[in-house]
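Asker: Based on the provided sequences and hints, a complete structural model is requested.
Chains as they are written, first to last, in the numbering used here: chain A, 24 to 241; chain B, 725 to 1017; chain C, 4 to 213.
Simulated from the structure, these hints should not be mistaken for laboratory data. Careful: at least some of the hints might be erroneous.
Unchecked claim - Sample of chain B residues facing chain A (criterion: CB under 10 Å; computed from the structure): (1) T762; (2) A792; (3) D983; (4) I987.
Small disclaimer: the values here were computed from a predicted structure and weren't measured. For glycine and all other residues, C-beta sits at the position ideal for the given N, C-alpha and C.
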Amino acid sequence: MRSQLPLILTFVAGVIPVIALFSPHPVMVRIASRADRWLVIMYAFAILLGVVSVVQSNTKKIARRDRGWPYAIVLLAGLTVMGGFGILANFGIFGGITTVAGRPTPFQWCYSNVFLPLQATMFSLLAFYMASASFRAFRARNLAAGLLMISAIIVMFGRIPVGEAVPFVPMITEWIMDNPNAAAQRGIIIGAALGAASMSLRVILGIERSHLGLGKGE
Amino acid sequence: MRLADRLLAVDRRIIYLLVGIGTLIPLLFPIGLPVTITPPVRSAFEKIESLPPGSVVVVSFDYGPSTAPENDPQADAVLRHCFARKIRVVGMALYSLGGLSVAVEEMNKVAAEFPLEYGVDYVNLGYKDGAQAALRRMNENLHELFPRDAFGRPVSELPLMQDVRSLREVDLVVSLATGIIGEWWINLVNAQFGTPVIVGSTAIGTPKYYAYLKARQAEGLLGGLKGASEYERMLSDRYPVVAEIYRSPTLYTATQGMDIQTIVHLVIIALVVLGNVLYFVSRFRPASGDRHA
Amino acid sequence: MPSIGTWLGALLSLAILSFLYKDNPLFRFAESLFAGVALGYYIGNQTNQTIKPNLVLALTRDFAANWDLIFAGLLGIGLYFRYIKKLAWLARVPLGIYVGYYVGVTITQKLHGEVLPQMKDTILPLSGPGLAPLWNGLMIVGVFSVLLYFFFSLEHRGAVGVASRVGILFVMVSFGAAFGYTVMGRISLLIGRFNFLVNDWLRPLLGAVF
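Answerer: Below is the structure:
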C-alpha cells in the first residue's frame, strides 16, 4: 500500500486537469476547481519545505563546528529576523508584510535594505563574468561558432542607439530575431514541449516513479 | 611569451575594470542617445492604446530584485500608460522571491504620480502561490483566489473588484516576467481562456518570446531594458503629462540606461573581436601552439 | 545624508562586489546573510499571502463553504512527514497528488498551448507577393531541421544528417542572438546597482559632506 496508494493518487490527480480541458460537465468542472484550490495551498507548504532542510543542515554544521560554521550562524540569524517579522505580521504585529499608511513595515524595510541589495548585487556580478568570458572563450573555431559570433555581434550592435543609427543594421537585427531565431526557438519549444508531455504521461501512468523515491519494481 | 599570448592571459580584473568604467562614466555624464522603436514594442503600445478608458488590465509582477533593473522600467511605463489613459489596473504577483514587494513598491510609486484612488482606479491583490493552479483558478474566481489584497483588506470591499470577478472581465494581461511565468500566461491563460497577453520579458528570455509573438500567442513584447526604453519614448511622444514625469532629474529611466548599454556593448564587442584576433595570431605562429584554446 | 537603510544597502552591495577582487570573509558574510533573508522572505510571503488568507481565514470565517480545505491543509502538512523517519512514507501521498496534478496540467499546457499553435503557425504559404514566401520557407526549413537535430532516435546520417547540420546552423544564430540579449540583461542588472550606489548613496553623501 505504501507504494501503490501514491501511484494511484498520482494517476487520479494527473488525469483531472486533462479531462477538465475537454469536458465541460459540471461535476468535472467542480472537481477541477476544488483541485486548483487545494493545490494553491499545497504549493505554499511545498515551497517552505526547503526552509526545514536548510535549518537542519546549518544547525548540524554549527553543532559539529564544521568549516565555515560562523557563516551558518549568519544565515540562521538572517532567516530568524526576516522570518520572525514575517510570522509576527500574521498576528497583526507591525501591520503586515507590505506597507501601513504608505510606510514600510519591518519586513518590507528588511526587503528593501537587506534582501534587495544583496540579491541584485549578486546577480549584477554576472555582467563582469560575461565580459571576461567574451574575451577568453568566445572563439570562431568553425562555421557554427562563427555564425554564433556574427549573430551575437550584430544583435549586440543592433540593439544599442549607435547601432540603430547605422543604415540596415536595425532591419538586419529584427530580421535575425524574427526569422532564423524564431524558427530555432520554435523548434526548441516544440521539441521540449513534446518531451515534457511524454515525461508527464510516464509519471501519470506510474512508469516514472523516482519522484516518490520508488524504484521500478516497487 | 609573445605579445598576443600575454594579452590573452591578461588579469581578469582588468576586464572587470573596463566594464566598471564603461558603466560608471555614462551614468555620471549621460549622453542622451535616442532609441528606435521595434515592431514588438509598438504592438504592445498600440494594444493598450486601443483599450477604451475604464477597461481593466491585469499587471502581473512576475519578477523579483534579481531582474528588477530590467522589469521595473517596463512595469513603470505600462502603469503610466494605463493610468494616463484612465484604464483600471489590477496588480498581482506570482513570483515568490520578491514579487509581492516589487508590486507594492512600483504600484505605490507610479500611482502617486496621478490623481488616483486606491480600490477604484487600481488595486494590488498581492502575491499568490499555486503557479498554474492559481492561473486556472483566476479564470473562475479571482475573489476566492485573492480574498485579501496586498495590504490585508478584504477584496470584496474594493469597488473596482465588484466589476472584476474573474479573468473573464479582464481586457488584457501584462506579465512582467523573469523566467517561465510569462510563458504560463501565454501557453495556459491565453491558450485555454483566450485572454490577450503582453509580456515584458528579461533580455535573456526575449529570443524565445519571438516564437510566441510570431504565432500571435502574445499581443506584444517588451524585451529587456531596450523594450522599456522604446516604450518610454512612445509614451513621452504621445502623452505630455508622462513626458513631464520622465523629464524629472531624480528619475532614472531605461532610456538613460541605454547610454550605458551602448558603451558596455561596444566594450564587449571589442573584447570579442580582440580575443579572436589574438587567438588566431597566437594559433598560426609555429611556436605559440594552442595554449589558449 | 543617506538614510540608515541606504547605508546598509550600499555596504552590503560593496561586500558582494568585493568578490570581484577575490574571495574574502566580507563576501561570505553577505552571501550567507542573503541565503538567510531569502528563506526568511519565503516564510513571511507564503504564510501571509496564501496560508493565512486562503486556508486559515477561509476556514475560520466560513467553515461551511470551505470545510474541504482541511484536507488541503493536511496534505500540505503531510509533505513534512519526510523529516520524520518512521512516517516518511506518508509524505508520498501528498507528493503523489502534488506531482500528479502539475504533470497533468503540463500535458495540456504544452500540447494545447505550445505544440499546436506553434505547429499551426509553421504551416505557411510558399507563394505570395514580395519576400514573404522566402521567409516562410526559411521558417519551415528552420523549424523542421531544428526538430531533426534534437531527434536522437534516428541516426544523423544521409539526408537526416544534412538536415540536422542545417538545424545546428539555425540554433547557432539563435544562440548568438540570445548571447547578445544576455549581455544586455546582465549589464542592466549592473546599471541598477551602480545607479543605486551613485545616485542614492554617493551623491547625497557627497552633497552632505561638501
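Asker: Hint by hint, note whether the structure agrees.
Answerer: Evaluated hints:
1. T762: holds (6 Å)
2. A792: B:A792 check passes; min Cβ-Cβ to chain A is 6 Å, inside 10 Å.
3. D983: B:D983 check passes; min Cβ-Cβ to chain A is 8 Å, inside 10 Å.
4. I987: Holds. Min distance 9 Å.
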